[in-house]
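One letter stands for each residue in the lines below.
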Amino acid sequence: MAKYGMLIDPNRCTGCNACRIACQMQWSLEPELNFNWLEEHLEGKYPNLKRVIVPMQCQHCDNPPCQTVCPTGATYKREDGVVLIDAEKCIGCKYCVSACPYGARVINAAGIPEKCSFCAVHVANGSTPACVSTCMSEVRVFGDVSDPNSEISRQIATLGAVNIKGTSMYYVPPREMGMDVLPPECVNPTYLGVLKNISQPASKGILGLAAAAIATGIVTNKIIERSSKNDETN
Amino acid sequence: MTKQIKNNKILRFSLGSRLGHGVQAISFTLLLITGSSLVFKSYGALIGPGGLKLFSQLHHILAYVLTFGPILLLILFSWDNVKRWIYDCIHWTESDVKFVAAFPKIFFGLRADTPKQGKFNGGEKINSILQILGTIVIGISGWIMLLGLFSPAVAGWAHIIHSFAALVLSGVVAAHAYLALIHPGSKESINGMLSGYVDLDWAADHHALWVEEVMNEAVAPLPAPAKVKIKAVGETVNV
Amino acid sequence: MKTISRRSFLKITAATGAAIAASAGSVKDFKAFAEEIEDTEVTKIPSLCNGCSSYCGVWAYVKNGRLWKIEGNETHMKSRGKICARGHGVAYNIYDPGRVSQPMKRVSDNNFQPITWEQAFQEIGGKMKDIVEEHGGDKVVWATHGGKESYAQKFLDVLGSDNYITHYATCFTAKTNIWDKMCGGMFNPDFDQAKYIVCAGRNYAGGVMPAAMKRISRAKAEGTKLIVVDPRFCELATVADEWIPIRPGTDLALFLGIAHTLVSENLYNYNFIEKYTYAFDEFWKYNRDFDAEKAAEITGIPADKIRELARGLAQNAPQAFLDPGYHGLYAHYQNSNETAMANIVVNALLGNFWQDGGLFPAASTTFGQVEETYYGSKAAKGSRADGAGVSREYPLVEPSRGIPQRIPDMIEKGRAKIVFFYSYNPLRSAPEPEYQKKIKNADLVVSIPYDWNETSLYTADYILPETHYLERTEHPKVINGNIYWPSAQIATRFKALTAATSTLPLLEILQGITTAYGIENLYGFTVEEELEAALAPHGISPDTLKEKGCLELLPSVTAKEEGLSFNTFTKKIEFSIGAWKMEGLLGVPTWVPPLVEPREANEFRLIHGKQPWHSHIMTTNNPYLMAITKEKNGTFMWMNADRAKELNISEGETVTVKSELATKQVQVHVTEGLHPECVWLPSTYGTFSEKLVNGYNQGVNYNDFIPARVDEKTGHVMGQECIVTVSKGGK
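Residue numbers (this note's numbering), protein chains in the order written: chain A, 1 to 234; chain B, 1 to 239; chain C, 1 to 731.
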């Protein structure tokens with residue numbers, strides 16, 4: 001089973017935005033919706049400047065927070081690593097938009113979230129993702145990271161790319177800037193941890209307690225009623 | 001005799017209050033039914049994607065009902081009562097506190113002595129406060145998510161608050177419903193929310209101070225045939 | 001601006017054509033759409049992008065009679081499989097509401113009435129006939145971008161007009177003219193084998209050329225050093241090994257300083273100079289004192305750095321070059337001509353002509369011709385309306401390029417009575433729009449545009465809209481130029497989509513006009529016949545070309561050790577231009593300062609450049625590209641952070657920019673990435689055609705601030721000889 005990943009080398013990116021619009025064409029998106037974007041970093045004082053541009057998109061996390069929070073199972077991770085949205089199941093609650101640590105989801109005109117899908121449908125037909133194939137500076141490589149002979153695996157090794165922990169993405173460390181310009185590792189946003197580990201269990205617990213108390217109350221009331229009736233009759 | 005008392009029943013809640021409460025109760029219940037499909041995975045799986053979509057749409061429509069219905073009804077048709085109700089909830093006496101202390105025993109059917117209570121006993125006051133605050137919190141957090149005008153981070157925290165408050169409030173509502181419908185000592189009170197009238201004897205037992213107050217009001221303006229007398233709690237009046 | 005969902009487009013079959021139902025588009029079609037791709041047939045048709053002068057080879061993917069997307073053609077030497085943001089956007093322009101959808105006739109100021117093609121041809125043909133009869137056919141001007149078509153010349157020949165005028169004087173005539181005179185033609189860089197590259201005034205990542213970036217990127221990965229010299233920390237500087245800021249207008253000094261170092265330190269290729277150059281001594285005689293120190297004084301680049309550049313180039317020569325440049329310097333300054341000359345001198349000193357990693361001429365080929373269909377008369381050619389190549393006017397300016405920026409003068413002087421504009425919009429892309437507006441005073445102005453551009457809206461009597469490039473087949477083109485490629489290639493546009501509008505390809509427009517004029521059978525062939533005839537000598541059928549998209553011939557330009565010959569009088573690279581000397585000018589380059597300089601505390605030189613997601617003025621109505629502009633504050637004018645501080649201007653603040661010609665307001669981007677002496681505007685904005693709603697009133701254009709000058713020697717506009725004052729505040 002393939003495991004898909006993408007390698008991005010920010011050292012090659014000049015910020016032309018072709019990837020953004022190639023993706024928009026591929027997926028017939030409106031001009032204001034885009035699945036990938038560029039984060040620009042400029043450091044230094046004239047004339048000693050450094051600029052690094054970091055292409056960003058859905059990181060296809062190993063344990064996606066969007067999947068965790070999705071109440072309907074519309075967001076799901078395939079065995080090959082691609083995280084997809086089943087529009088049939090999506091109810092547009094947008095919990096996933098809040099849950100994504102990278103802000104990778106956009107809401108389309110009908111209120112349904114969408115995002116990069118690694119062009120899964122087209123990859124299945126033998127194509128490359130649009131952002132990869134259009135990039136003139138060859139910033140991106142896409143492929144099967146579980147295959148040591150694939151191009152992406154070889155490039156990861158040659159370029160010393162680092163895996164963004166918890167995701168399917170590999171970035172070549174920037175030569176001229178700190179690693180902090182790369183996307184952070186995948187962690188659930190604070191609120192999600194609180195939601196899943198504290199508030200939801202707690203509130204379910206409280207509800208359970210209430211139910212238990214009521215059930216108990218019904219029983220004890222019945223018993224006490226019956227015994228007082230017995231007392232009376234006796 | 002006043003309109004408020006007839007056929008051995010006393011009017012506890014006006015039409016406006018009952019409508020307000022009814023809308024609150026029904027919409028809250030439906031919101032709970034639809035909303036919890038997003039919290040309990042097995043429940044969600046049971047109704048499937050189509051059901052989830054329907055529930056989600058219903059939940060959003062009902063949100064308008066719960067947000068605007070009760071408050072408009074109460075303010076437009078029951079403003080005086082609402083004022084009184086809020087006043088009562090804020091002002092606590094020693095009898096209220098003692099009631100609350102004794103409440104656990106009462107809940108489980110054990111004998112407990114409580115001092116005389118007003119129109120709303122201590123427990124009901126707590127319930128009122130929880131319901132009002134809870135509804136506000138659920139409402140605000142819900143609208144933050146629904147309107148989509150806030151950042152995803154804010155919406156995320158709103159989600160937590162909404163989910164937590166909704167489930168906790170549901171527990172409170174369940175207990176409230178139990179007391180109103182099933183619990184032997186208090187199940188008469190449901191009539192107050194249906195016809196508006198509760199049994200006068202029951203009321204004299206459970207809300208003596210309020211009955212006294214009503215009687216005093218009832219008596220004062222009429223020329224008094226001396227037949228009607230103020231009686232102590234528990235005594236029946238033979239005219 | 002809300003556009004109609006493209007998804008709903010892709011669901012509509014070709015049969016329903018132009019009746020676009022603006023359905024909100026079921027968004028569940030995210031999945032349905034994916035399924036559709038499996039079910040519906042997708043056809044791939046080759047074409048050539050029209051987003052810039054690279055004309056990258058593309059594959060158009062068509063589904064349900066609608067455009068889905070484009071991808072780059074792997075073979076084509078300008079794209080090598082890659083497409084830039086402009087390319088994607090411009091393909092989508094098919095659905096641009098700013099398109100002119102049928103012929104238009106002016107009824108009053110900026111007001112048009114739609115007419116039929118028949119009426120358009122009749123009226124234009126008739127009016128032309130009357131004017132030509134009275135004033136002569138040499139009063140007809142064909143003003144065009146250049147290089148986009150090869151039909152109009154025939155028409156001009158019959159009329160007796162010598163006025164084929166291109167836009168190139170606003171772009172790079174300082175370069176092409178000079179390289180022609182000194183080297184006999186243009187030479188292009190070989191990135192693959194180069195070890196040391198200096199780009200001055202060349203930004204392959206801003207004025208995007210996909211294949212160039214691909215090859216530069218790969219070369220860098222193999223260790224090639226890239227130095228970018230530019231007043232602005234441009235896109236190419238982002239990935240360069242070093243950015244060297246330079247005082248704008250002084251690149252000539254840098255090149256002379258490098259040349260001096262190469263000679264004085266004996267680093268140059270003596271052999272090459274001996275064998276293949278002429279007038280080196282003359283050059284050295286006039287420049288022996290122009291050392292790195294002198295250059296440093298003028299450019300602001302430390303002398304040691306200049307020497308370092310020279311040594312770096314020399315050490316790696318001949319696999320090293322100073323990029324010949326494109327627009328970046330060569331329509332910009334009073335000294336642009338000399339700058340091009342010095343550029344050639346430096347490269348010659350490195351001996352990198354015809355060497356791997358150096359500079360090569362473009363490979364080329366020829367096509368067959370369709371049989372002549374016109375046997376009528378041709379009027380005698382009159383004189384040029386623009387004076388290009390005419391003695392005592394602009395004898396040194398190449399007529400093949402012409403002088404487009406002073407058409408109103410030609411009209412005023414009665415030299416131009418009828419002006420055609422084909423794919424050219426001088427009201428926005430030439431300096432001094434208020435002056436350019438006087439074009440409407442001509443007896444007849446016919447614009448053949450793609451959209452409601454300024455020239456059409458403000459000056460045209462008739463607007464004859466051309467199809468979108470994806471809607472037509474064209475005769476084949478030789479694919480070469482600008483960057484080195486050993487083989488010539490053949491590619492063309494094949495019709496991928498049926499026009500849903502009443503537009504026509506240029507050939508049919510000219511057929512209509514000439515027939516109505518009374519010239520029988522001037523273009524008595526179809527484009528399919530042209531295609532067939534053109535490809536026949538190559539033994540290729542049009543079907544084969546359509547299948548492959550781009551065909552590569554055998555290599556015809558490769559490195560040569562011996563027997564180099566240049567297409568000049570001496571067969572060598574001439575450091576001294578004979579034609580200049582004949583006009584009484586110095587033949588070799590020496591230091592010439594810019595025409596104007598900023599002096600006061602609030603004065604700046606106004607310079608411009610390209611953003612990688614726009615293509616000068618032609619993409620401002622594109623909603624996708626303008627969405628990027630909005631996100632990135634793309635309309636902002638750049639200012640150096642220290643200068644901004646002095647003037648108390650902060651990021652995003654609106655300022656007033658004033659030159660002698662214009663006063664405009666614009667927001668400022670405060671940056672460390674710009675030389676303090678200048679402010680920088682992207683060349684894209686300032687659209688003043690209300691019909692181009694996405695671009696209208698967005699941003700400001702540098703052309704507003706400069707007069708329409710003509711450089712005496714090469715005709716260029718001196719587009720950066722412009723001093724503006726900048727002050728806080730505005731409307």
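Incorrect hints may have been included.
Here are the simulated DSSO-like cross-link-like pairs (lysine-lysine), alpha carbons at most 27 Å apart as the crow flies [stated by the list, open to error]:
hint, chain 1, residue 1, chain 2, residue 2
1, A, Lys196, B, Lys98
2, C, Lys63, C, Lys548
3, B, Lys53, A, Lys222
4, C, Lys664, C, Lys630
5, A, Lys50, C, Lys632
6, B, Lys53, A, Lys204
7, A, Lys229, B, Lys53
8, C, Lys305, C, Lys275
9, A, Lys50, C, Lys305
10, C, Lys148, C, Lys378
11, C, Lys275, C, Lys581
12, C, Lys560, A, Lys50
Pair by pair, the computed Cβ-Cβ distance ranges are [what the hints assert, rightly or not]:
hint, chain 1, residue 1, chain 2, residue 2, range
13, A, Leu209, B, Leu133, 34 to 40 Å
14, B, Leu133, C, Ser650, 33 to 39 Å
15, B, Ile129, C, Gln667, 27 to 33 Å
16, B, Leu133, A, Ala212, 21 to 27 Å
17, A, Gly126, C, Gln315, 42 to 48 Å
18, C, Arg288, A, Glu151, 51 to 57 Å
19, A, Ala212, B, Pro115, 28 to 34 Å
20, C, Asn633, B, Gly22, 37 to 43 Å
21, C, Ser650, A, Pro173, 31 to 37 Å
22, B, Phe77, A, Thr216, 35 to 41 Å
To be clear, the hints were calculated from the coordinates, so they are not data collected in a lab.
All figures in this text were calculated on a predicted structure; none of them were measured in a lab.
The beta-carbon is built from N, C-alpha and C at its ideal position, and this holds for glycine as well.
Comparing the hints with the structure gives:
As the CA atoms of Lys196 (chain A) and Lys98 (chain B) are separated by approximately 38 Å, the hinted pair breaks the 27 Å bound. Note on Lys63 (chain C) and Lys548 (chain C): the hinted pairing holds, with a Cα-Cα distance of about 20 Å set against a maximum of 27 Å. A distance of roughly 42 Å separates the Cα atoms of Lys53 (chain B) and Lys222 (chain A); the hinted pair therefore is violated under the 27 Å criterion. Our distance criterion of 27 Å between C-alpha atoms is met by Lys664 (chain C) and Lys630 (chain C), whose separation comes to about 20 Å.
With a C-alpha separation of about 19 Å, the suggested pairing of Lys50 (chain A) with Lys632 (chain C) holds against the 27 Å cut-off. At most 27 Å may separate the alpha-carbon atoms for a hinted pair to count; Lys53 (chain B) and Lys204 (chain A) meet this at roughly 23 Å. Between Lys229 (chain A) and Lys53 (chain B), the direct Cα distance comes to roughly 51 Å. Violation of the 27 Å bound is thereby established for this hinted pair. Between Lys305 (chain C) and Lys275 (chain C) the alpha-carbon distance is near 30 Å, which puts this suggested pair outside the 27 Å criterion.
At most 27 Å may separate the alpha-carbon atoms for a hinted pair to count; Lys50 (chain A) and Lys305 (chain C) meet this at roughly 19 Å. Restraint check: the Cα-Cα separation between Lys148 (chain C) and Lys378 (chain C) comes to about 24 Å, which is no more than 27 Å; the hinted pair holds. At most 27 Å may separate the alpha-carbon atoms for a hinted pair to count; Lys275 (chain C) and Lys581 (chain C) meet this at roughly 23 Å. With a CA separation close to 39 Å, the supplied pair Lys560 (chain C) and Lys50 (chain A) exceeds the 27 Å bound.
One distance hint, 34 to 40 Å for the beta-carbon pair Leu209 (chain A) and Leu133 (chain B), is violated here, with the actual separation near 20 Å. Between Leu133 (chain B) and Ser650 (chain C), the C-beta spacing of about 45 Å breaks the proposed range 33 to 39 Å. Between Ile129 (chain B) and Gln667 (chain C) the Cβ separation comes to about 53 Å, which falls outside the hinted range of 27 to 33 Å. Leu133 (chain B) and Ala212 (chain A) have their C-beta atoms about 24 Å apart, which keeps the hinted 21 to 27 Å range intact.
Checked against the hint of 42 to 48 Å, the pair Gly126 (chain A) and Gln315 (chain C) passes, with Cβ atoms roughly 46 Å apart. Against the hinted window of 51 to 57 Å, the Cβ-Cβ separation of Arg288 (chain C) and Glu151 (chain A) comes to about 54 Å, which satisfies the hint. Taken as a hint, the range 28 to 34 Å holds for the pair Ala212 (chain A) and Pro115 (chain B), whose Cβ atoms sit roughly 30 Å apart. As the Cβ distance of Asn633 (chain C) to Gly22 (chain B) is approximately 55 Å, the hint placing it in 37 to 43 Å is violated.
Hint check: Ser650 (chain C) to Pro173 (chain A), Cβ distance near 34 Å, so the stated range 31 to 37 Å holds. For the pair Phe77 (chain B) and Thr216 (chain A), the supplied restraint of 35 to 41 Å holds, since their beta-carbon distance comes to about 38 Å.
Figure legend: structure checked against the earlier numbered hints; hints not met, in rising order: 1, 3, 7, 8, 12, 13, 14, 15 and 20.
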